[in-house]
Every structure is written in C-alpha cells, then in structure tokens.
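Novice: Work out the full structure: start from the sequences and follow the hints.
Now for the letters of each chain:
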Amino acid sequence: VVVVSGASGGVGRGIAVACGEVGWTVYVAARREGEGHDVAGEVTQAGGRGEFISCDVADAAGVERMVQRVVDNEGRLDGVVHNSTSGLSPVPVDPMTLSMQDLRDHVAVSLRGAYLLAREAFSPLKESNGSLVLLTSEAGFEGKMRLAPYAAVKGAVRGLARSWAREWGPHGVRVNCVAPLALSPAVEEGFAKDPTMAERVLGRHPMGYLGDPVRDVGPVVRFLLSESARYVTGVTIMADGGNRPIS
Amino acid sequence: VLVVGTAIATDIAASLEATSLLVPEASFDESWTQGAELEAWRDRSGSGGQYGVVVVVVDSSQVEPQIIEDVELDRWLESCETPFAQWFAALGVACLLCVDGGRVIAFVARPRPMDSGGWSLAACIADGVETMVRSYGFIANERNVRVDVVTLPLDDDAWIEGDLVRNRVVMLAASSIGSMVIHEGER
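From first to last, the protein sequence lines stand for chains Z and V. At position 47 of the first sequence (counting the first as 1) the number is 47 in the numbering used here, and the numbers step up by one without a gap. At position 170 of the second sequence (counting the first as 1) the number is 170 in the numbering used here, and the numbers step up by one without a gap.
Just so you know, the hints here were simulated from the structure itself, not pulled from any lab data. As the structure is a computational prediction, the values presented were derived from the model and not from experiment. A virtual CB, placed ideally from N, CA and C, is assigned to each residue, including glycine. Heads up, none of these hints are tricks.
Output of the computed footprint for chain Z on chain V, the stretches with three or more beta carbons under 8 Å from beta carbons of chain Z: (1) 30-36; (2) 64-71; (3) 79-88; (4) 111-121; (5) 134-142.
Dumping the calculated SDA-like pairs for lysine to any residue here, alpha-carbon to alpha-carbon at most 25 Å: (6) Z:K126 with V:E72; (7) Z:K126 with V:I67; (8) Z:K126 with V:D115; (9) Z:K193 with V:E142; (10) Z:K193 with Z:D105; (11) Z:K126 with V:E64; (12) Z:K126 with V:D70; (13) Z:K126 with V:G118; (14) Z:K126 with Z:V235; (15) Z:K126 with V:M114; (16) Z:K126 with V:L73; (17) Z:K126 with V:P65; (18) Z:K126 with Z:E227; (19) Z:K126 with V:V71; (20) Z:K126 with V:Q66; (21) Z:K126 with V:I68; (22) Z:K126 with V:R75; (23) Z:K193 with V:N141.
Specialist: Right under this line is the structure:
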C-alpha cells in the first residue's frame, strides 16, 4: 500500500501507474479531484487498485487526516512518495526580485510537504519496515539560473533525505531520493515559456529524449519502494538518461 | 568587506573589521506574514556594487538534535522555513552589493552526513543554500562575480568563528578559480 503525492499528472501519475502494474494499492494524493480520479482509474486498469485521496501536502491537518485514512482503510502503509511541487516550479524567475509569497509556495509544497508526510507516516512505515521516496531534481545538484527557487527546494530535499535515512535506518525504514527528467506537463510548460530550454535540456542529452513517466521513472521509484531495495537508503538515483552535469 | 546576515554577522564583521548588514529577525507563520518585511529589506538594501567581498552568514537554525516525528510545526517554521527565506534574500542582496569581479562567500552550518540523524532541519538548510549559491553563481557570473559556499560541520556550539572566516575569505579572495563549494571538515 503506497501513497503518491502530486499524482494527478506528470511524474506522479507515472509512479502511481508503475506501482499499479505490479498489483499494489496506490493512493493518488492530490488536490485536483477530477484528474486524481482519472489516475486512480489508470492504476486499477494497470493491474493494481487505485484510490483517489484529496490532500494538500502543505496543510498539517490535511496530511494527518490523509495518512490516518489510508491506515484505517488498509491496516497498513508500506510506502510514501512525495512528488508534489509548486505550480510555480516551471516558471522562470529572477531570484533578486522574487516575491516571498512565491518562494513560500515552493517551500510549503516541497519542504513543508515532505516534513508533514514524514512526520505522519513514520509510525505506520515503522510497522511495515517501509520506505519513503522524495522526488528531487538534477536542478537540486547544480542550481538553475532561471529556476532558482525550484532548484533550492530540490537541493534542500536531499538534505532531509540524507538525515532521515540516518534517523530511520535503525527502525527499518528507508529514505531515498529520485531525480527524474521526464516529459511532464510542467516540463512542457517550461519549454513553452522559455524557448531556449528545449535546446539546453536535450542538446547534449546522452539518450536524446526526455523520459516517459510510466516507463522510465515510475519503475525506479517502485524499485526503491520494494523489497528489492531493502539495503538501499540515503541515496539519490538519477533517472535522467545520463543528463547530469554533476555526478 | 561586507558581512550580510543575522545576528552572528555582527561578530563576524567585527573580527574582519568589516561592515555588517543585518537581515531582519523573523519567525514565520504558515502564511509567511513577515515575508513582506524581508522582501522590503531586500529591495531597499540591494543596489549598486560597493564591496569587493561580501560574506553571507545566517545563524544555524538548529541548536540541538531532534528526530523529525517530534518536530512541531511551529518549530519547523522557525528553524527551517524562516532561515531558508533569510538565506535566499541575503544571497540576492549580497550579489547585488558585490562589485563586478568580486566574490560572495557564504558560510553555512552542515551536519556531517554520517552524523546527520536528528539534524534534518540544518541539513535541509545547508543543502538548500548550496544549491542557492550555485544558482546565484550562474546569474552573478555575468558580472564576473563568483559565489562560493563553505559548509562548516555542525558538531558544537561554535560552528563558526572569526579567524576561520578570515582565513577562508583570504584564501578564496586570492583565488582565480570560479564559484566553489567547499565542505570543510567532513570525514
């Protein structure tokens, strides 16, 4: 039984469907109800059981209710994937003039969301020797000129994961990150807003294409959630087709 | 030399015989109500390069270890979201106040990876600042301003002191190497 935040589209949808393909129960946690139900249906169609669950990861009470509801319904929780990012993630900005409210949106979704999910999920994950996966980005390694707030929160996520892996290892709970590069609505929006972005991203890409969320990214996250990764914790796996300036 | 940061910047500036510029003290709520004050400070502070070296230092956000399931929301906001915003604004101001061809040098507390259990708020800030520095480095590079970060191990109260900052500033200011990330004292 896994929860995937921000799963109503893009990479989150890919993760949810990939988990459904091996028969898992997947809670599609998102704010967008219509799209969330659609993805839950895709999970079921893929061979698992998809359930939509409404959740704003930046809201403490909402996250507490969501985790409790999953545990009440299923009697267990084996994995949590924090994939949600701010809707502002693909929007190019000048960090010198960025409004603090826009920065708050990045921080609240990516960092506060990670903290709240971790805090609420720890107890059931300890019961199941489960796993937490946080989505980061190549931007969180190298920084970004036009996406500085997005890059900053993605870098900060890696600090959380490294520390929580040490905290939770003795309890049998693993914490890892995945840095994907995939064709998602956010990336498409980024390409549309910044015409130079496609050339910068794909111009030197070793494999020459953006990953597919279901086929290229979802299985990597599924691996980290699975028993196959029982000895893997505190790492970041790059699922980016080799497109990294910093290894 | 200018030192931009929270209260600790005053002591560091004194040891460097430098000028200090203090980031407003803050303790954010969920809505970041005090963010407007920080934004106003940034907008009125950062214009025109005046300093060859700008040091940035924000007090360590975490003074004792605490496992994440015991961290209350208020504590999270105070020790993670607030300094995250202060760092973001302070680095921007530092870049703007640095002369073309100058150097911005950030000092941040970073728990040693193997000892980082219980120190996730500080680890979050440290890795976030490292990435902020890289982003600001890309931008400032257009003016040949280099942006460095020196991470210092967070294993005692005195994670930063004047002599160490002075030595690292002298070393980096004399270097022609581009923006650098230095993890000091990690094992």
